[in-house]
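In this note's numbering, the protein residues as written are 230 to 938.
Since the hints were made in silico from the structure, they are not lab data.
Where hints are given, some of them may not hold.
What the hints assert, rightly or not - List time: in silico PhoX-like cross-link candidates among lysine-lysine, alpha-carbon distance up to 25 Å: (1) Lys367 - Lys431; (2) Lys486 - Lys382; (3) Lys764 - Lys734; (4) Lys817 - Lys807; (5) Lys792 - Lys721; (6) Lys519 - Lys669; (7) Lys721 - Lys771; (8) Lys633 - Lys792; (9) Lys841 - Lys807; (10) Lys519 - Lys367; (11) Lys734 - Lys676; (12) Lys553 - Lys676; (13) Lys676 - Lys771; (14) Lys807 - Lys892; (15) Lys532 - Lys594; (16) Lys378 - Lys291; (17) Lys571 - Lys594; (18) Lys553 - Lys721; (19) Lys817 - Lys367; (20) Lys817 - Lys841; (21) Lys293 - Lys367; (22) Lys708 - Lys780; (23) Lys780 - Lys721; (24) Lys780 - Lys792; (25) Lys807 - Lys764; (26) Lys584 - Lys532; (27) Lys892 - Lys817; (28) Lys584 - Lys571; (29) Lys553 - Lys532; (30) Lys817 - Lys764; (31) Lys734 - Lys817.
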Amino acid sequence: MCIIPCRLKVSHVVSRYQFGGGYINHPNSEQQMSKKRKSPDDQDFEDYPPAGTSDQGLTDEKVKAYLSLHPQILDDFVLESVSAETLDRWLKRKTSSRPADDTSSKEVSRYQDTNMQGVVYELNSYIEQRLDTGGDNKLLLYELCNIIKTATKADGFALYFLGECNNSLCLFTPTAAKDGPPSLIPSGPIAFGTTIAAHVAKTRKTLLVEDVMGDERFPDGTGQDSGIHVHSVLCLPIVTAIGDLIAIVELHRHWGKEPFNLSHQEVATANLAWASVAIHQVQVCRGLAKQTELNDFLLDVSKTYFDNIVAIDSLLEHIMIYAKNLVNADRCALFQVDHNNKELYSDLFDIGEEKEGKPVFRKTKEIRFSIDKGIAGQVARTGEVLNIPDAYADPRFNREVDLKTGYTTRNILCMPIVSRGTVIGVVQMVNKLSGSAFTKTDENNFKMFAVFCALALHCANMYHRIRHSECIYRVTMEKLSYHSICTSEEWKTLTQLNLPAPIYKEIEMFHFDISPFEEIWPAIFIYMVHNSCGKTSFELEKLCRFTMSVKKNYRRVPYHNWKHAVTVAHCMYAILQKTSGIFTELEKKGLLIACLCHDLDHRGYSNAYLQKFDHPLAALYSTSTMEQHHFSQTVSILQLEGHNIFSNLTSSEYEQVLEIIRKAIIATDLALYFNNHQQLSEMLTSCALDLNNHSHRSGYDSHWGTGTV
230 MCIIPCRLKV
240 SHVVSRYQFG
250 GGYINHPNSE
260 QQMSKKRKSP
270 DDQDFEDYPP
280 AGTSDQGLTD
290 EKVKAYLSLH
300 PQILDDFVLE
310 SVSAETLDRW
320 LKRKTSSRPA
330 DDTSSKEVSR
340 YQDTNMQGVV
350 YELNSYIEQR
360 LDTGGDNKLL
370 LYELCNIIKT
380 ATKADGFALY
390 FLGECNNSLC
400 LFTPTAAKDG
410 PPSLIPSGPI
420 AFGTTIAAHV
430 AKTRKTLLVE
440 DVMGDERFPD
450 GTGQDSGIHV
460 HSVLCLPIVT
470 AIGDLIAIVE
480 LHRHWGKEPF
490 NLSHQEVATA
500 NLAWASVAIH
510 QVQVCRGLAK
520 QTELNDFLLD
530 VSKTYFDNIV
540 AIDSLLEHIM
550 IYAKNLVNAD
560 RCALFQVDHN
570 NKELYSDLFD
580 IGEEKEGKPV
590 FRKTKEIRFS
600 IDKGIAGQVA
610 RTGEVLNIPD
620 AYADPRFNRE
630 VDLKTGYTTR
640 NILCMPIVSR
650 GTVIGVVQMV
660 NKLSGSAFTK
670 TDENNFKMFA
680 VFCALALHCA
690 NMYHRIRHSE
700 CIYRVTMEKL
710 SYHSICTSEE
720 WKTLTQLNLP
730 APIYKEIEMF
740 HFDISPFEEI
750 WPAIFIYMVH
760 NSCGKTSFEL
770 EKLCRFTMSV
780 KKNYRRVPYH
790 NWKHAVTVAH
800 CMYAILQKTS
810 GIFTELEKKG
820 LLIACLCHDL
830 DHRGYSNAYL
840 QKFDHPLAAL
850 YSTSTMEQHH
860 FSQTVSILQL
870 EGHNIFSNLT
880 SSEYEQVLEI
890 IRKAIIATDL
900 ALYFNNHQQL
910 SEMLTSCALD
920 LNNHSHRSGY
930 DSHWGTGTV
């Protein structure tokens, strides 16, 4: 029914309706109305003049009285004759003239109809608009209870929320004082044998009691001393979709009124059910939005980690800040587990301060404590989540920290960080800011977040191990360099050595035996380089350093030793001397150095042996294992200070000579030799060998290097 808030003038009615015969002749109901028996109220209208006559005697009160008995006539009149603008103006006057309500129930006046279909129709949209994004929906639930009070025709209601430790009830009042904020007044523990609200909170089941004071289960009745003797009570729990009890609604009727019945219980239950579903639906939607936010955060953290892997503390700080916001905690701590010493340790702490709106974490001296102590230790040992609503009531809580810092710990949410089935860390959230304690929703959100924490901690530990290994590597390389680099006395002595006169002639022959001249093998190599490439081709000091360091890096093995290296280099020298004009200067330099270095750091084992026994070198080089290692060692020596004998070359020439050395050394792998030999033989037989062809020349050079071995 449409209610017209303004004063309806008689002339407005007369202009549309014809009065006569003691009733209003409505166009759509004239015949029907004529058949009706006149009611006593209709008699007052018999003396009204017909249309067009004087309207003396017709008062506003009589018109309103008649319309209240025949609302359909007014509905038809408004629909046919009143414009939308007029209706809008009436509605504005109606709402502006509404008296102010001192309580929060002024928001729910549109629900004052006991027709439940109308109430439920708008409940979802109303809840969605009013739901607090911060999670504190006490005022919303209070307003919903006001709706249920009206729908069940209750004389009053009380709304209870859980206390700080979830073991007591607190009465909610929308205003603690005039224009003050809402407040919670302690009402007593959740236990049997006290009040009806405490009983329902304990059982989580709805109760309908006709005489609450006469029920032995509730000696304290409703527990309220309001001066009104409550008779019938309908008490209902408000439980979330995941089973969390959040509030108790207590509806009551006074003495002299009919007690609540099952119909009222159904009405209240239906309202609460719809409210719970609507709240849950909105929370799910917001949960999805929060999940999207979490995904964005994880992506952001991943970028932070890969962009700046060195600042692992910054990554952990980033994670802890988000963890605090995720569950709305006051403080946060992250401990890593040292399983060897059975300890928890940390060096990054939340000091409870903010800078530019972000929590401040301070890196201090690392603290350690036994894994057998405290709540964090319990979680580290068992791998179970602990949600403690009252820290001081839990014997596992270590109060020493609070005593030292002056901070008061009320509640704790502690969760393990598990990687590969092992607890590697513990995240501890302290003191829920909105609400009395951490909820199941907090646990579920945090469990999902803990998975990423495990990944971050795993990366942190891996990075720590890598840094530790790098330090060991640097120390090892320093020691190795000291023992593998020639001394200044050694290379200086080499610069002064001269070969015996008889050697100059013998050294030009292929069958020259170097065995009797072990002390001057380095000098023999220097002579061969100078005689083949020219004395100005290399700086003498660098060439002597390089030669003596190569000597130190050959191992004392039966065959692949320093003597073998000089012998192969002599063979290549003899070839170069007999093939004048075929090889370029770069090729001569590259081949001589390749022959001297082709077995550097040889262990005396074949490639097959290294592969079979999973030697680390086999993991580094899957093919031509030792040959690739020899080349790597050659480059390492060239990179030492004062050892780069090719420093006088251009970048292009340097790359070319290194490639000549690499191919020549790799070609010494016997697994490649026979195939290379066959290809070269076929080209020679068919006269297809073209030394101007780069690929032919490259294979030709490599094969000569292999032949010297």
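*Unmet hints by their number, sorted upward, for this structure*: 8, 9, 11, 13, 15, 16, 18, 19, 20, 21 and 28
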